[in-house]
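A.B. asks: Chain residues, written in single-letter form:
2 protein chains.
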Amino acid sequence: MRDAYREQLDAVTGRLVGMIRKAGEQMHLATRALLDADLEQAEKVVGGDAPINRDQLEIDELTIELMATQGPVASELRMVTAALRTTADIERMGDLAVHIAKIARMRYPDHAVPAELRETFAAMGKTAEEMAQKAGEVLRTHDLTSAAELSRDDNEMDRLHRSLFLVLLDDAWDRGVEPAVDIALLGRYYERFADHAVEIAGHVRYLVTGEIQSA
Amino acid sequence: MRDAYREQLDAVTGRLVGMIRKAGEQMHLATRALLDADLEQAEKVVGGDAPINRDQLEIDELTIELMATQGPVASELRMVTAALRTTADIERMGDLAVHIAKIARMRYPDHAVPAELRETFAAMGKTAEEMAQKAGEVLRTHDLTSAAELSRDDNEMDRLHRSLFLVLLDDAWDRGVEPAVDIALLGRYYERFADHAVEIAGHVRYLVTGEIQSA
Chain A
1 MRDAYREQLD AVTGRLVGMI RKAGEQMHLA TRALLDADLE QAEKVVGGDA
51 PINRDQLEID ELTIELMATQ GPVASELRMV TAALRTTADI ERMGDLAVHI
101 AKIARMRYPD HAVPAELRET FAAMGKTAEE MAQKAGEVLR THDLTSAAEL
151 SRDDNEMDRL HRSLFLVLLD DAWDRGVEPA VDIALLGRYY ERFADHAVEI
201 AGHVRYLVTG EIQSA
Chain B
1 MRDAYREQLD AVTGRLVGMI RKAGEQMHLA TRALLDADLE QAEKVVGGDA
51 PINRDQLEID ELTIELMATQ GPVASELRMV TAALRTTADI ERMGDLAVHI
101 AKIARMRYPD HAVPAELRET FAAMGKTAEE MAQKAGEVLR THDLTSAAEL
151 SRDDNEMDRL HRSLFLVLLD DAWDRGVEPA VDIALLGRYY ERFADHAVEI
201 AGHVRYLVTG EIQSA
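Just so you know, the protein sequences line up as chains A and B, in that order. Mind the numbering: the first sequence is residues 1 to 215 in UniProt numbering, read in order. Mind the numbering: the second sequence is residues 1 to 215 in UniProt numbering, read in order.
Hints should not be assumed to be uniformly reliable.
When chains are identical, the list treats them as one kind, so a pair holds in a single copy or across two.
With a straight-line Cα cutoff of 20 angstroms, these simulated SDA-like cross-link-like pairs (lysine to any residue) come out [as the list claims (entries may be wrong)]:
| id | residue 1 | residue 2 |
| --- | --- | --- |
| 1 | 102 | 162 |
| 2 | 126 | 152 |
| 3 | 44 | 77 |
| 4 | 126 | 210 |
| 5 | 44 | 116 |
| 6 | 126 | 32 |
| 7 | 102 | 166 |
| 8 | 22 | 115 |
| 9 | 102 | 191 |
| 10 | 22 | 171 |
| 11 | 102 | 163 |
| 12 | 44 | 107 |
| 13 | 44 | 9 |
| 14 | 126 | 156 |
| 15 | 102 | 158 |
| 16 | 102 | 159 |
| 17 | 126 | 169 |
| 18 | 126 | 99 |
| 19 | 102 | 188 |
| 20 | 102 | 169 |
| 21 | 22 | 118 |
| 22 | 22 | 163 |
By construction, these hints were calculated from the structure, which means they are not laboratory data.
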């Protein structure tokens with residue numbers, strides 16, 4: 001009985017790790033679509049959201065089933081809570097990658113990101129992708145050291161995010177309102193993606209320690 | 001035993017209704033702070049977020065406790081899932097009201113919203129507030145008629161949101177980049193607030209019917 005339970009638990013963990021890998025890949029493609037003004041990549045990201053949404057439904061079901069067939073003791077209840085929260089966060093990460101791809105698609109064949117901000121967005125994309133990877137590691141290993149690393153990465157993301165506004169609001173900005181609005185929204189999407197990765201680490205912390213961190 | 005369970009369940013419902021009422025009030029105050037460039041109201045909203053975050057912790061704990069002391073049958077598992085998802089949504093609604101208040105505070109004593117867009121933001125604020133109220137009704141009554149109404153309200157919110165961009169990107173826009181960026185972000189905050197209200201109705205639908213709607 002307990003062995004079957006352990007197996008089911010591992011299955012949920014494995015699915016969560018697979019789900020966040022997809023979100024990280026979506027972010028990778030979305031950033032490429034954005035920086036290369038690549039319509040095909042953008043469409044690929046838009047089409048790639050459905051499997052992530054399906055993952056959420058399936059993993060949630062698996063989690064609830066697992067609890068229904070097992071006696072609910074405190075640590076398992078925590079697992080259910082953490083798993084349900086995690087799928088919700090990853091699902092949003094997928095949506096945010098789609099939002100980025102849709103801006104790339106909307107401006108095609110133009111570039112949504114002007115040359116002077118390409119480097120910043122490349123760094124935001126790289127940080128976001130790495131954070132998804134690290135959150136996946138935290139989910140897999142329950143190692144809270146990587147959870148602390150995620151907070152540092154998030155600070156870097158916030159710094160990059162703020163640096164966008166310095167460019168947008170500088171007197172030298174001469175590209176007008178439309179790209180400024182795109183960039184403000186894009187910055188927000190990357191920043192929120194990173195927030196969700198941090199939140200996932202928080203769910204694992206709760207799972208391990210039983211402590212919920214206030215938002 | 002079952003009576004005690006029913007009581008605990010009602011307690012969770014009552015707390016959820018109270019929590020979303022707070023989020024609706026925060027949205028009301030945030031919109032006033034924004035439209036009146038009222039620093040005091042803005043500060044009040046920023047300070048008013050902590051009770052909502054506390055609600056989430058307490059309600060989640062209550063929900064998990066309830067499940068731990070009761071045998072988990074399918075309908076109760078659904079209740080747990082729905083309650084945990086609902087507190088997460090309301091918590092985000094509170095954050096979004098704070099984001100709005102912070103833009104009002106940042107631009108004080110100026111108005112973040114120029115005169116020609118005040119009416120649109122007043123309508124977005126009103127719609128957002130009403131949607132929080134309706135979501136509260138849905139939580140209280142489990143009446144899915146109001147859930148359908150929320151989807152219509154959300155369409156209205158999307159329409160208002162899109163209308164902002166028509167103004168921002170019109171050749172006649174002469175207020176420059178900074179207010180445009182503020183408005184793009186503000187629009188996003190109102191729109192997301194509305195999305196969360198719709199999602200809460202979806203959780204209740206799941207609770208009542210057992211069907212999860214794909215995002």
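A.B. asks: Determine for every hint whether it applies to the structure shown.
C.D. replies: How the hints compare with the structure:
| no. | hint | verdict |
| --- | --- | --- |
| 1 | 102 - 162 | between (23 angstroms within a copy, 15 angstroms between copies) |
| 2 | 126 - 152 | within (14 angstroms within a copy, 39 angstroms between copies) |
| 3 | 44 - 77 | neither (37 angstroms within a copy, 36 angstroms between copies) |
| 4 | 126 - 210 | neither (32 angstroms within a copy, 39 angstroms between copies) |
| 5 | 44 - 116 | neither (26 angstroms within a copy, 39 angstroms between copies) |
| 6 | 126 - 32 | within (10 angstroms within a copy, 39 angstroms between copies) |
| 7 | 102 - 166 | between (25 angstroms within a copy, 18 angstroms between copies) |
| 8 | 22 - 115 | neither (29 angstroms within a copy, 44 angstroms between copies) |
| 9 | 102 - 191 | both (17 angstroms within a copy, 17 angstroms between copies) |
| 10 | 22 - 171 | neither (40 angstroms within a copy, 41 angstroms between copies) |
| 11 | 102 - 163 | between (23 angstroms within a copy, 19 angstroms between copies) |
| 12 | 44 - 107 | within (16 angstroms within a copy, 40 angstroms between copies) |
| 13 | 44 - 9 | neither (32 angstroms within a copy, 44 angstroms between copies) |
| 14 | 126 - 156 | within (11 angstroms within a copy, 37 angstroms between copies) |
| 15 | 102 - 158 | between (23 angstroms within a copy, 16 angstroms between copies) |
| 16 | 102 - 159 | between (24 angstroms within a copy, 18 angstroms between copies) |
| 17 | 126 - 169 | neither (24 angstroms within a copy, 30 angstroms between copies) |
| 18 | 126 - 99 | within (17 angstroms within a copy, 26 angstroms between copies) |
| 19 | 102 - 188 | both (14 angstroms within a copy, 15 angstroms between copies) |
| 20 | 102 - 169 | between (24 angstroms within a copy, 18 angstroms between copies) |
| 21 | 22 - 118 | neither (24 angstroms within a copy, 41 angstroms between copies) |
| 22 | 22 - 163 | neither (28 angstroms within a copy, 34 angstroms between copies) |
Checked against the numbered hints above, the structure violates hints 3, 4, 5, 8, 10, 13, 17, 21 and 22; every other hint is satisfied.
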